[in-house]
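**Student:** Protein chains in written order, with numbering that gives the first Met the number 0: chain A, 0 to 383; chain W, 0 to 383; chain U, 0 to 383; chain B, 0 to 383.
Derived from the structure by calculation, the hints contain no laboratory data.
Hints may be right or wrong, so weigh each one.
It does not matter which identical chain is meant; a pair holds if it fits inside one copy or across any two.
As the list claims (entries may be wrong) - Simulated pairs of lysine to aspartate or glutamate, DMTMM-like, Cα-Cα distance not exceeding 25 Å: (1) Lys267 / Glu277; (2) Lys187 / Glu375; (3) Lys224 / Glu235; (4) Lys153 / Asp57; (5) Lys224 / Asp78; (6) Lys224 / Glu213; (7) Lys224 / Glu51.
This is what each chain is made of:
Protein chains: 4
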Amino acid sequence: MTTPTQRSLNVGLVGCGFMGRTHSNAFSAVNRFFDLPVRPVLKAVCARDSAEVQRFADQWGYESVETDWRALVARDDIDLIDIASPNDTHHEIAIAAAQAGKMVSSEKPLGRTAEESGRMVAAVEAAGVRNMVWYNYRRVPAVTLAKQLIDEGKLGRVFHYRAKFLQDWTISVDVPQGGAATWRLDAKVAGSGVTGDLLAHCIDTALWLNGGIETVSAMTETFIKERRHALTGQVEPVLIDDASAFLARFANGSLGTFEATRYARGHKALYTLEINGELASIEWDLHDLHRLAWFDHGDEGRLRGWRSIHITDADHPYMKHWWVPGLQIGYEHTFVHQAADFLASLDDGEPFHPTFREAQATDYVTDAVLRSARTERWERVATS
Amino acid sequence: MTTPTQRSLNVGLVGCGFMGRTHSNAFSAVNRFFDLPVRPVLKAVCARDSAEVQRFADQWGYESVETDWRALVARDDIDLIDIASPNDTHHEIAIAAAQAGKMVSSEKPLGRTAEESGRMVAAVEAAGVRNMVWYNYRRVPAVTLAKQLIDEGKLGRVFHYRAKFLQDWTISVDVPQGGAATWRLDAKVAGSGVTGDLLAHCIDTALWLNGGIETVSAMTETFIKERRHALTGQVEPVLIDDASAFLARFANGSLGTFEATRYARGHKALYTLEINGELASIEWDLHDLHRLAWFDHGDEGRLRGWRSIHITDADHPYMKHWWVPGLQIGYEHTFVHQAADFLASLDDGEPFHPTFREAQATDYVTDAVLRSARTERWERVATS
Amino acid sequence: MTTPTQRSLNVGLVGCGFMGRTHSNAFSAVNRFFDLPVRPVLKAVCARDSAEVQRFADQWGYESVETDWRALVARDDIDLIDIASPNDTHHEIAIAAAQAGKMVSSEKPLGRTAEESGRMVAAVEAAGVRNMVWYNYRRVPAVTLAKQLIDEGKLGRVFHYRAKFLQDWTISVDVPQGGAATWRLDAKVAGSGVTGDLLAHCIDTALWLNGGIETVSAMTETFIKERRHALTGQVEPVLIDDASAFLARFANGSLGTFEATRYARGHKALYTLEINGELASIEWDLHDLHRLAWFDHGDEGRLRGWRSIHITDADHPYMKHWWVPGLQIGYEHTFVHQAADFLASLDDGEPFHPTFREAQATDYVTDAVLRSARTERWERVATS
Amino acid sequence: MTTPTQRSLNVGLVGCGFMGRTHSNAFSAVNRFFDLPVRPVLKAVCARDSAEVQRFADQWGYESVETDWRALVARDDIDLIDIASPNDTHHEIAIAAAQAGKMVSSEKPLGRTAEESGRMVAAVEAAGVRNMVWYNYRRVPAVTLAKQLIDEGKLGRVFHYRAKFLQDWTISVDVPQGGAATWRLDAKVAGSGVTGDLLAHCIDTALWLNGGIETVSAMTETFIKERRHALTGQVEPVLIDDASAFLARFANGSLGTFEATRYARGHKALYTLEINGELASIEWDLHDLHRLAWFDHGDEGRLRGWRSIHITDADHPYMKHWWVPGLQIGYEHTFVHQAADFLASLDDGEPFHPTFREAQATDYVTDAVLRSARTERWERVATS
């Protein structure tokens, strides 16, 4: 229920997997922690399996269910179409939603290719509807603080940017490809493997923190060449990239190294980033997301050292909304922060980032990465 | 709204400070992550300031407000009285609630003294009502896993138990005592300083993991002797303990060292525990609560080392209810877990821990600690 | 061989166990890394077993051997008697050496009791000979830096001092007591168990960094009550303390907690210390001795964090004598530093610390600790 | 002096800079810690500046000095020519020494190019003299343990190899190039920048642990384009690479990423390596060289975690020769280990690694890296 000073925003969610849960949680929790002019209402959730979608609606408190996203998009009582379904569905839903005049938010990557993203950008811009992509890691408080420090010039000239995203969940040959649980291994559905799934996160953050990437040289590998397909039951060639690494040159003259894999034993979701500037350096990793490592060359010489900043104080981004100093938050809070910023932007007129157009920049880089892996040459990142 | 197979539990919360928020969040979130036969309904919240309590009710979705806890206790539509108000109010409210036949849950410490707790235990047991104390750190997944490992005998004979709870928020002489924000510095309201506030957590976990404490030798200190009282505006003697440390002998023959302070610069809420057993050792700390350090002497000699277990996998306690491996949870989740276990226990008949009686054991230890600090002698911990 | 500007100092070492090796290494290496006016000459080493002592002399380059320390003390060509034999031999050798007009250096603890130490102090002071005790941890560069920071007032008022020394090598019941390898478990030889062996280190550093300890409350425990004696072959009662912990009040008003044990599974030589001051805090541990943890409250609020200072730069104590920044030193270097400072003091007239008298202060504390463990009361630390 | 069972090996060192010190220390210390059939004698040291070389000889105990390496090579009383002078001198000295029938040891990189190394390999093989290259990091006990684990098959199929070597000492524009202190910035003397200086270490270890590298794609950068030359006093173009990164494909099918820089603020000598295998993973870094991180997928699921192995136990490589468990060694010990293994190999006939031929393999890789950086294409690593 809204308070007297709030208005409601009716949300229609597509997809009730992992990301459907994170979005639903964000919309459920956001008003308990942030004073906002808008209160999201969980109006409807849509998924193909009617029993499953009903269970999800019961659990999360959605008022209604749909089993065809076209029906959802057609409803008058929906303000925002929130897309949390597999990658191959993003563009069609987003374009239809925009054409129906809805706000649209989409999971990442925006499209399977920059060309696909481009059609989505065109649709939302033509319709003039609000749009955003859930690159949630921008709103880890430690990462947001990193952005502030960079924008304040505290790093000086940047020399190096490094990012990795390491997982180990597909090492076994018994993991199938395709289907509801493992669509991320199905090239047709996912578009690519770790490049679009994991590197996309690394790239989005990098573009945000360190500016544009101009050229890349990449290699990809598929370690397990054939897997059973969960839908067909047949052993089929694996067409996604299991691992992907690339060298990059940023527009600001700094060098980048990027790597993602699902074959790094011992790491579940180890997204790490490091930035070396003339004056200071930063490191962060997702396995301890509530900390930021900071090295300040301006410190007294004999006392210089990497600081492990416990990002739980009221003067850290977003943290005054949570508990008291010393008490850490976790993964799902990044989605709450994104929801809070998006809802606030509906009122204050400030632009919300990243928009579809901004998120397309990541797809241009992943396109170049995949292209370079094929051509075995440096490739220039397209910008339009 | 409840699902067809759920029944509701009407909650009446007393107190809308920090702990009121953690409890409200737990009751709001629990059914989204745990399949439970019972769904808490935020029926009413009670606090003395009517504007403040209304704001809180709006934010958290409570259906109604009260400004007198007696009125709350008297209501027919309340099943559970949940006490999140300052320590000096626990006993009166709990006893009245029990006498009114309500279930009762209370923040810790249960009473300001074991004698006060004893009257609360008597009341709930006489009334035969369900009762629990919010010692939330038992339900940090890493700590729960430690309990499992100990219960399975993986540590063998225990030699040492160490716990510390370090904060730094009262170092400045400008921090007042008393009032809504700083009642923890007011001996009359809080009962004691860090002994009841912080050591109580350490002791509850210790008793749970390592069994009874028989004798203690303690010292306490008040570093800043006078502070302005927030209510009277007068500079008054500080009567609480700023720091408290004690040696302990456990019934199982192991040695304990415990310390808490609000004068440890650099630590906001650093609750640490270490257990050294014949076969294995454990370490944990609240600033990285999603990790457990584990040393297993059974490992191959040259490969023995402290493992940093990232407690985010589906086979870790509670974690299958949250996200996917690698993604950490935070502080508030411990309250959600406690709510989930409590609600489940309403149906399955399993006892819920800690009850008032179990929580009183901690108060017997804190009593002995404070007594030893005065007598400057070893003191035996009472058991009744 | 000495250089033209150097004079030699003839060293006579007593004992060729673990400490005999660390001292011999220090005297061998010191002139390669420090420009000093004095060059130690390994003149003679003494131990009871003639074959063993000859092997040791060959390995370390001692010019001659003795099997009776009295013969060593009687030699005219020895300037410094360096005592690295078991605790029960320190006083007799030191007193005789002083009476013979030799400089004397001794392993710690100085005596088995402060009374025994007192006779050693009296002897060296009566003879007017240079004397020092090998409390090597003062000269870990990180610890020396801590001392500098404290002396500069960077911590402000100190509230807390914590130290632990954790080992696990006696957990097995099969470890014997007594004899060459395990004399540290023989109370007659060692004086006490972990109190004199491990806590003595913690106390020496504490007194140096934080000033005098006034009162203590202690507990000790012997977990394994009987062990085979390596010399007699008989199972005999174990008379040393396996574990020892104490609370302390320092003269500066700060609180101390100290603990040592040989029953902390997973720790080989984990000496840790923590100091919490009003303005800053320090942590250090021996398992990563080349790092100092530093928290400075003066840092900008949102960027405050514990710094891990890699103590390898030229402006860190002693480090310009070693390699280049980033390259760590190890344990034995602390003895080299002590030898360097001692040799330099022979020329520059600066006092060397700790002298016998200064080291006796530690024995007064360990005496009080052992006494308190017996009386189960707070005990005042004697000062003479 | 040798013991009755030892024979001597007369060492003639060329160069008395940083590496001259590490080698001299190794030859001085090795017999104190290792029982060996051979004792090195510091017969002569050679450097162009006669005052400096005499000072060095005095400090380290060399019996004589030379100022022309040709004179040193011509001496009959020298068994081993040990080359610790700048890179551009290695080949000429080594070839002459081999032709004179001396054993030859050389600092790394062996030559400035693989072609230059090839001539050195040919010379030592034609002469049939013992030869070795000081790739000291193979003999960090943690790295040696990693090698053992890999050889035992404990990692299974390897998917990923990562290495970095990060420094920050040339960020200032005021650092000159050329001359005694900064010849590493002079392309003519050093051959290349970080590629030959730092990546060479990473590559040598990688080839040893993970086998051959087949192809690479690289980028290099010179961030500061002009520097004053220390010898000419003129501002001249900087011709070395300040930073170098490359992607690699190993013969075993694993992917490699490598990076080195002198522009990573906050890192002095952070050499890190990570290996991800099917069954286990390894991480190590030079800033805490006495630790090995180990993740074993074979551990019980809920207890899997990265172990931080403190490499100080007697069953760790080399460690029984040093102190007692828990006490760490440092950087210089790696050279002592190499000296020990080399001296032992003189007697037992076991081959010593790496020989010149083995070390040339690294130069083939650095050649390919530099070539790829120029061509902006993947380059195949030559093997002859």
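**Student:** At most 25 Å between CA atoms: does that hold for Lys267 and Glu277 within a copy, between copies, both, or neither?
**Tutor:** between (32 Å within a copy, 14 Å between copies)
**Student:** Can you give me the call for Lys224 and Glu51, within, between, both or neither, at a CA distance of at most 25 Å?
**Tutor:** neither (32 Å within a copy, 62 Å between copies)
**Student:** Give the relationship of Lys153 and Asp57 under a CA distance limit of 25 Å: within one copy only, between copies only, both, or neither.
**Tutor:** This pair counts as neither: shortest intra-copy Cα distance 48 Å, inter-copy 41 Å.
**Student:** State whether the alpha carbon distance between Lys187 and Glu375 is at most 25 Å within one copy, between copies, both, or neither.
**Tutor:** Intra 23 Å, inter 32 Å, cutoff 25 Å: intra-copy only.
**Student:** Quick one: Lys224 to Asp78, C-alpha cut-off 25 Å, is that within a copy, between copies, both, or neither?
**Tutor:** For Lys224 and Asp78, the Cα distance exceeds 25 Å both inside one copy (44 Å) and across copies (56 Å).
**Student:** With 25 Å as the alpha-carbon cut-off, assign the pair Lys224 and Glu235 to within, between, both or neither.
**Tutor:** within (8 Å within a copy, 52 Å between copies)
**Student:** Which holds for Lys224 with Glu213 at a C-alpha limit of 25 Å: within a copy, between copies, both or neither?
**Tutor:** Between copies, since 21 Å is at most 25 Å while 32 Å is not.
Violated hints, in rising order: 4, 5 and 7; the structure is consistent with all others.
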